[in-house]
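> Construct the entire structure; sequences and hints are all you get.
Here is what each chain is made of, one letter per residue.
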Amino acid sequence: MSERKTVLQLTGVCKRFKGVFAVNHVDLNVQEGEIHALLGENGAGKSTLIKVMTGVYSADSGRIELCGTAVSPQSPLDAQRHGISTVYQEVNLLPNLSVAHNLYLGREPRRFGCIQWRRLQKDAQALLRQFDLNIDVSESLSSYSIAIQQLVAIARAVDCSAKVLILDEPTASLDAKEVVVLFRILRSLRDKGVAILFVTHFLDQVYDLTDRITVLRNGEKVGTFNTAELPRPQLVAHMLGKELQSIEAEKTASRSDDTANTTLQVERLSTSQGLRDINFRAQAGDAVGLAGLLGSGRSEVCAALFGLAPLTEGQLSLRGNHYRPKSPADAIACGIALCPEDRKIEGIVHPLSVRENMILALQAKRGWWRPLPRHEQNQLAADATARLRIVCSDPEKPIGELSGGNQQKVILARWLMTHPNVLVLDEPTRGIDIGAHAEILQLIRQLCAEGMTLIVASSEIEELVAFSNKILVLRDKQLHTVIEADAISENAVLAAIAGSN
Amino acid sequence: MNRRYLPVAVTAVLFVALFIAGSLQFSGFASARVILNLFTDNAFLAITALGMTFVILSGGIDLSVGAVLAFSSVLCATLVENYGWHPLQAFPVVLLLGAVFGTTMGVLIHTYKLQPFIVTLAGMFFARGLATVLSEQSIAIEHPFFDAINNFGFSLPGRGWLSSATLVLIAVFAFGTWLAHFTRLGGYIYAIGGNSQSAVLLGVPMGMTTIAIYTLSSTLAALAGIVYSFYTASGYALTGIGLELDAIAAVVIGGTLISGGYGYVLGTLLGVMTMGLIQTWISFHGGLSSWWTKIFIGGLVLSFMIFQRWIAVGLHTRLQQK
Amino acid sequence: MQLTHLTQHRLFLPLLALTIILLANVLFSPEFFHLEFKDGRLYGSLVDVLNRSAPTALLAIGMALVIATGGIDLSVGAVIAISGAICANLLNSGFDALPLVIFAGLAAGLAAGTINGGLVSIFGIQPIVATLVLMVAGRGIAQLINSGQIITFQHEGFAAIGVGTALGLPMPVIIAVAIFLLVQILMRFTALGLFVEATGCNPTASHYAGLNVKAIKFSVYGISGLCAALAGMIITADIQGADANNAGLWLELDAILAVVLGGASLAGGRFSLPLTMIGVLIIQTMSTTIIMSGIEPKYNLLIKSLVIIVVLLLQSPTFRQQIRQLFGAGKAMQGDRV
Numbered sequence: 001m002s003e004r005k006t007v008l009q010l011t012g013v014c015k016r017f018k019g020v021f022a023v024n025h026v027d028l029n030v031q032e033g034e035i036h037a038l039l040g041e042n043g044a045g046k047s048t049l050i051k052v053m054t055g056v057y058s059a060d061s062g063r064i065e066l067c068g069t070a071v072s073p074q075s076p077l078d079a080q081r082h083g084i085s086t087v088y089q090e091v092n093l094l095p096n097l098s099v100a101h102n103l104y105l106g107r108e109p110r111r112f113g114c115i116q117w118r119r120l121q122k123d124a125q126a127l128l129r130q131f132d133l134n135i136d137v138s139e140s141l142s143s144y145s146i147a148i149q150q151l152v153a154i155a156r157a158v159d160c161s162a163k164v165l166i167l168d169e170p171t172a173s174l175d176a177k178e179v180v181v182l183f184r185i186l187r188s189l190r191d192k193g194v195a196i197l198f199v200t201h202f203l204d205q206v207y208d209l210t211d212r213i214t215v216l217r218n219g220e221k222v223g224t225f226n227t228a229e230l231p232r233p234q235l236v237a238h239m240l241g242k243e244l245q246s247i248e249a250e251k252t253a254s255r256s257d258d259t260a261n262t263t264l265q266v267e268r269l270s271t272s273q274g275l276r277d278i279n280f281r282a283q284a285g286d287a288v289g290l291a292g293l294l295g296s297g298r299s300e301v302c303a304a305l306f307g308l309a310p311l312t313e314g315q316l317s318l319r320g321n322h323y324r325p326k327s328p329a330d331a332i333a334c335g336i337a338l339c340p341e342d343r344k345i346e347g348i349v350h351p352l353s354v355r356e357n358m359i360l361a362l363q364a365k366r367g368w369w370r371p372l373p374r375h376e377q378n379q380l381a382a383d384a385t386a387r388l389r390i391v392c393s394d395p396e397k398p399i400g401e402l403s404g405g406n407q408q409k410v411i412l413a414r415w416l417m418t419h420p421n422v423l424v425l426d427e428p429t430r431g432i433d434i435g436a437h438a439e440i441l442q443l444i445r446q447l448c449a450e451g452m453t454l455i456v457a458s459s460e461i462e463e464l465v466a467f468s469n470k471i472l473v474l475r476d477k478q479l480h481t482v483i484e485a486d487a488i489s490e491n492a493v494l495a496a497i498a499g500s501n
Numbered sequence: 001m002n003r004r005y006l007p008v009a010v011t012a013v014l015f016v017a018l019f020i021a022g023s024l025q026f027s028g029f030a031s032a033r034v035i036l037n038l039f040t041d042n043a044f045l046a047i048t049a050l051g052m053t054f055v056i057l058s059g060g061i062d063l064s065v066g067a068v069l070a071f072s073s074v075l076c077a078t079l080v081e082n083y084g085w086h087p088l089q090a091f092p093v094v095l096l097l098g099a100v101f102g103t104t105m106g107v108l109i110h111t112y113k114l115q116p117f118i119v120t121l122a123g124m125f126f127a128r129g130l131a132t133v134l135s136e137q138s139i140a141i142e143h144p145f146f147d148a149i150n151n152f153g154f155s156l157p158g159r160g161w162l163s164s165a166t167l168v169l170i171a172v173f174a175f176g177t178w179l180a181h182f183t184r185l186g187g188y189i190y191a192i193g194g195n196s197q198s199a200v201l202l203g204v205p206m207g208m209t210t211i212a213i214y215t216l217s218s219t220l221a222a223l224a225g226i227v228y229s230f231y232t233a234s235g236y237a238l239t240g241i242g243l244e245l246d247a248i249a250a251v252v253i254g255g256t257l258i259s260g261g262y263g264y265v266l267g268t269l270l271g272v273m274t275m276g277l278i279q280t281w282i283s284f285h286g287g288l289s290s291w292w293t294k295i296f297i298g299g300l301v302l303s304f305m306i307f308q309r310w311i312a313v314g315l316h317t318r319l320q321q322k
Numbered sequence: 001m002q003l004t005h006l007t008q009h010r011l012f013l014p015l016l017a018l019t020i021i022l023l024a025n026v027l028f029s030p031e032f033f034h035l036e037f038k039d040g041r042l043y044g045s046l047v048d049v050l051n052r053s054a055p056t057a058l059l060a061i062g063m064a065l066v067i068a069t070g071g072i073d074l075s076v077g078a079v080i081a082i083s084g085a086i087c088a089n090l091l092n093s094g095f096d097a098l099p100l101v102i103f104a105g106l107a108a109g110l111a112a113g114t115i116n117g118g119l120v121s122i123f124g125i126q127p128i129v130a131t132l133v134l135m136v137a138g139r140g141i142a143q144l145i146n147s148g149q150i151i152t153f154q155h156e157g158f159a160a161i162g163v164g165t166a167l168g169l170p171m172p173v174i175i176a177v178a179i180f181l182l183v184q185i186l187m188r189f190t191a192l193g194l195f196v197e198a199t200g201c202n203p204t205a206s207h208y209a210g211l212n213v214k215a216i217k218f219s220v221y222g223i224s225g226l227c228a229a230l231a232g233m234i235i236t237a238d239i240q241g242a243d244a245n246n247a248g249l250w251l252e253l254d255a256i257l258a259v260v261l262g263g264a265s266l267a268g269g270r271f272s273l274p275l276t277m278i279g280v281l282i283i284q285t286m287s288t289t290i291i292m293s294g295i296e297p298k299y300n301l302l303i304k305s306l307v308i309i310v311v312l313l314l315q316s317p318t319f320r321q322q323i324r325q326l327f328g329a330g331k332a333m334q335g336d337r338v
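If you read the protein sequences in the order shown, they are chains G, A and S.
The numbering used here numbers the first residue of the first sequence as 1 and each following residue consecutively.
The numbering used here numbers the first residue of the second sequence as 1 and each following residue consecutively.
The numbering used here numbers the first residue of the third sequence as 1 and each following residue consecutively.
Hints are computed from structural coordinates only; laboratory data are not their basis.
Each hint should be verified, as a subset may be incorrect.
Said to hold, decoys possible - Computed Cβ-Cβ distance ranges for the label pairs, DEER-style: (1) S/Phe189 to G/Glu313: 43 to 51 Å; (2) S/Asn245 to G/Lys397: 34 to 42 Å; (3) S/Pro297 to G/Asp342: 50 to 58 Å; (4) S/Val26 to G/Arg389: 49 to 57 Å; (5) S/Ala104 to A/Ser155: 40 to 48 Å; (6) G/Asp342 to A/Gly207: 28 to 36 Å.
Glycine included, C-beta positions come from ideal geometry on N, C-alpha and C.
This is how it looks when you write it as structure tokens:
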């Protein structure tokens, strides 16, 4: 293995946002002719690391070497010129241009000031044939499936003399047959000596395709392993940060399961986002954890409960009443709240102030004609700031100026003000500092004690185990296992996530 | 047929249908004269609309074209009448000033990240202001060269007259087609309109392309101003008010997607001709007043927008099904 | 520190611009500030500026809301023509009860707003094109109503909207101030203002927070249509005639400009009606100043466009940074907020 030439070498790369390490002294070594998996849960630092390599961000410290020479790409284009090409899940080509034009944009063959379309199309056809792709290259890119678009993107990257090919979740929107084609091409590229960095959350594919694995967690490198020598449970343990053997079962107070007291009942839930046949029940004071790897359906359950994805089958009931939300507004009116996963896009409303962000949902629930008086808003904001220990000198500050942890607390405050019966939290501790992390866990326990029902989706098994009295383990958008009360332990959850069918 | 050509095809069908309807309804409608007059009467609009096509293809907008046309016609008239320049000396100056004007707007838009809408709005005030400062009155142009050019042309069967304006129009559209479909710049313009972030990643020089687009639009508007000064044999600061709207409408009717990335130069020509045909039809009709033109064109723009929206949604679901 | 805070306040730039223009008047044409009270109303250039600003001010109020949601309304000029045409024809037709005429005018504005709002929020068509339709077709419709004529009328009650006096001020000023106060109260004493801003800042997050984003977008176009209809009635009453071709021509551009001069971003977000009003006053004062100061009115547009470019550049972060680098990095660092 080690005789192979190193193509890409990262040494001690760091990147901080607002003082918090997103990537902390990470080393990475990608060799010629290997497919190297980069793994980690959301927030582990994968995407930040990729953005550093492709010049979207510049590293705060550390070195990037390409074939032995230090480089510091200033932009994705600059990175490409150095030979680092990236193919993203959402294809970064131009849907309105023809396939051939996409392949050769900016380097079209010309004669007498005219693009030679015929030659260009012949070249394109020939290039794609190397990728076993026989398509009409004069058709616009958007008329082909995502899989073909991705292959076109890979073809362009390789043809632009890529030394390193980074594939960021390339298989997320492909079906099984398309994945087979993609993998065959990746293997043949590997055999030709291209270094490939493969980011995915499908563990089967990692074992199917890759030679080595580097695991990141919380912005730090856990290690680099030979795929063949790393058993699957071990890999999951690395990703989730707990060694399987060393875990001691922590007791959670067991509760009596009382059907009469059910707050939320989910029966045969299937949605347009692909969830299939999910059943569970939660009562007042329950904290139900949703566990599973990325893409297992955690967020989809949250979205379904909040009226963001139409139900295709099954039914929900809330305190015994039929419940079928058509929009977030419906869900809020019925006493459900959701702290979304993507704080920046779905959560905060920047540049509105912290106060305005806090009262937004409560105000929406009251309607525009019944405004909260300003002194009440100030009081609510002050109370929430104190209760959630939000570090914010002035509630009139634009919310974007707060740290991630404090932004998350503001969103939590927004929902607590609506006094929900059921609070759904999707990755409530993602990307926030340790202090805020502990405080949010504390808050979850406290809210349960007050009789609220919490549904918490998280990739942090440790925290799920710490507060849940019921954990639903999801796989492939289906309910895999339900672990309840005394049976809850990190071991049990890990086993359920990693275990084979 | 390729789905990309559908909007243009629809416009073509509409044009032909209107022409046939007019021919059946009125005698003398189906003649080379009517068709060729469409070219002569709308040459200035078509040239402006060509520039607008490139701007809209790139996802921008240029509100200044009407004012630039007015400025150019007044400058021509002033130079020729008040300063005694030969028109052939005046034209390069006019075109160059038009180009500089567009370049400036392009630089403002690209460098300072200002919105095209507001920059070209200011540009519209500026050009109109310059034109007014040059002359508030209409200046009639009397120059042998103007007469010569206006009289130049070819007679065609069916009492048709291939005028010099038509020849300019044909040359400009040939140039536009070459630029859009046979040069790298053309590809870059489509690329920016398709997805500007991806375009950057694919190495499209954003600054150069943006500046080129607005330079081109203003230069063509200046050229349209010259053509217009021939057409009316005068220069007037208040001509071309609202021309930018007609140009945008022609581009939309010609099947170009207003959000950029999709459309053809030929479509715009068809769009202008369709608008002209509606006007001709109304004038043949006699009973309908001129304002029906605006209502028809508004209705056309609306139906084309909803039609395009429908195509877009159709494409989207088709992709999702895959 | 204090000074940088002051210069970064949202009111600073627009107010500075207005002050500079007013100061120019002190120097060049002191009679600008002359006020006189006779026949029960105030006269003078300042009153004139306010009076002429009224239609633009009304449009700008609606436009500010539309722009705050990330949209734009190009059709307001055409709506002016339509509402004017409807009122003038009603006045000549015998159905000339004042409340009925006003109601009909407003209904036309609301109908236009409904079309725009529907295209934008339900069909999801880009605001610029959606409102372009009415901008083009609207004037044709107004001409259709007027049968291509300029319709004049004799009606004291209606004319009072344009030329009457109330509380010592011209009626248009009173109407504009009243609508400004009404909308300001509607926005700031209910939660509407917050909802409009939230929608413009982040529509997705606003939807997640339970706002009905579509309804909010829909309603701002309705308000804009109503404001335009009112402006149309003022303009029609002022000349006691409806001119479908020229009534309110290009006023939509002035209105958009006023909103931008007031510091709003065309991308949507924060809006301020008082600042928008300052923007309107800047535009009108500038025109009046140019006339009063003896500069020929033909320079009006030229100066206006240069002022716009300067104000736009001052709002551009890139330009500010260049200026800072030009005037020494050391001093600039203090003002920098990280």
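> A separate judgement is required for each hint: does it hold in the structure or not?
Hints, one by one, checked against the model:
{"no.": "1", "hint": "S/Phe189 to G/Glu313: 43 to 51 Å", "verdict": "46 Å, holds"}
{"no.": "2", "hint": "S/Asn245 to G/Lys397: 34 to 42 Å", "verdict": "51 Å, violated"}
{"no.": "3", "hint": "S/Pro297 to G/Asp342: 50 to 58 Å", "verdict": "54 Å, holds"}
{"no.": "4", "hint": "S/Val26 to G/Arg389: 49 to 57 Å", "verdict": "55 Å, holds"}
{"no.": "5", "hint": "S/Ala104 to A/Ser155: 40 to 48 Å", "verdict": "55 Å, violated"}
{"no.": "6", "hint": "G/Asp342 to A/Gly207: 28 to 36 Å", "verdict": "32 Å, holds"}
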